[in-house]
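There are 2 protein chains.
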Amino acid sequence: MEKLERYRQLVQNLLTDFASYQYPDSEIQSQLVFDTTHDQYQVVQTGWENEKRIYFIPLHFSIKNNKIWLEQNNTDRLVAEELVEAGVPREDIVLAIHPPYVRPHTGFATE
Amino acid sequence: MEKLERYRQLVQNLLTDFASYQYPDSEIQSQLVFDTTHDQYQVVQTGWENEKRIYFIPLHFSIKNNKIWLEQNNTDRLVAEELVEAGVPREDIVLAIHPPYVRPHTGFATE
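From first to last, the protein sequence lines are chains S and Z. Numbered per numbering that gives the first Met the number 0, the first sequence spans residues 0 to 110. Numbered per numbering that gives the first Met the number 0, the second sequence spans residues 0 to 110.
If you're looking for bench data, these hints aren't it; they were derived computationally from the structure. Take these hints with a grain of salt, some might be off.
Remember, identical chains collapse to one label, so a pair may be satisfied in a single copy or spanning two.
[Stated by the list, open to error] Calculated lysine-lysine pairs in the DSS-like style (CA-CA distance at most 30 Å, straight line):
id, residue 1, residue 2
1, Lys2, Lys51
2, Lys63, Lys51
3, Lys66, Lys51
Keep in mind that this is a model prediction, so the values were computed, not measured.
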């Protein structure tokens, strides 16, 4: 499979797996958002806790320059390491959650 | 044009217009996210303010049950009214940002 297509499938699989977890006794729902044109991949959680609106983005990847960019990670999962285990080389992953000057020290790509 | 297709186009146009505004002297960028399969439509703003990561969702619509749902509005635009002006009847718009018990009093649909 072409690399880019494989990366798209990988992040979609990871997010689908994440979103499949249902919070017990909760009105929070996980919604997948996959934009294969702009190459943006997300899980959005929405719902109500008592009368408070929950709107939360636990995970967001984008794909730019043939690399996977981690745009948001509000989970306890080491998703970049999961991608490495799935065969993505570290030089094809950018931790966009870190400032550019920190990225050279992450062991992943800088841009 | 079929109603659903027209609604999809309307929210994409509204978001594209919103995202076209460039913040002067800023490293904040607006990214369109259009998922026409799950019918989720968003603008995501990312970037840096000094060393602080900005990750912000100003607007998010979904389309469910042939209606447009406003999932998030962190702007000063009355986007539901903009949709009405563009020809969407109020009974086809749900303000999901309000709790279900409030929606009957909004003049828009409840679900």
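Evaluated hints:
no.: 1; hint: Lys2 with Lys51; verdict: neither (42 Å within a copy, 32 Å between copies)
no.: 2; hint: Lys63 with Lys51; verdict: between (35 Å within a copy, 22 Å between copies)
no.: 3; hint: Lys66 with Lys51; verdict: between (37 Å within a copy, 23 Å between copies)
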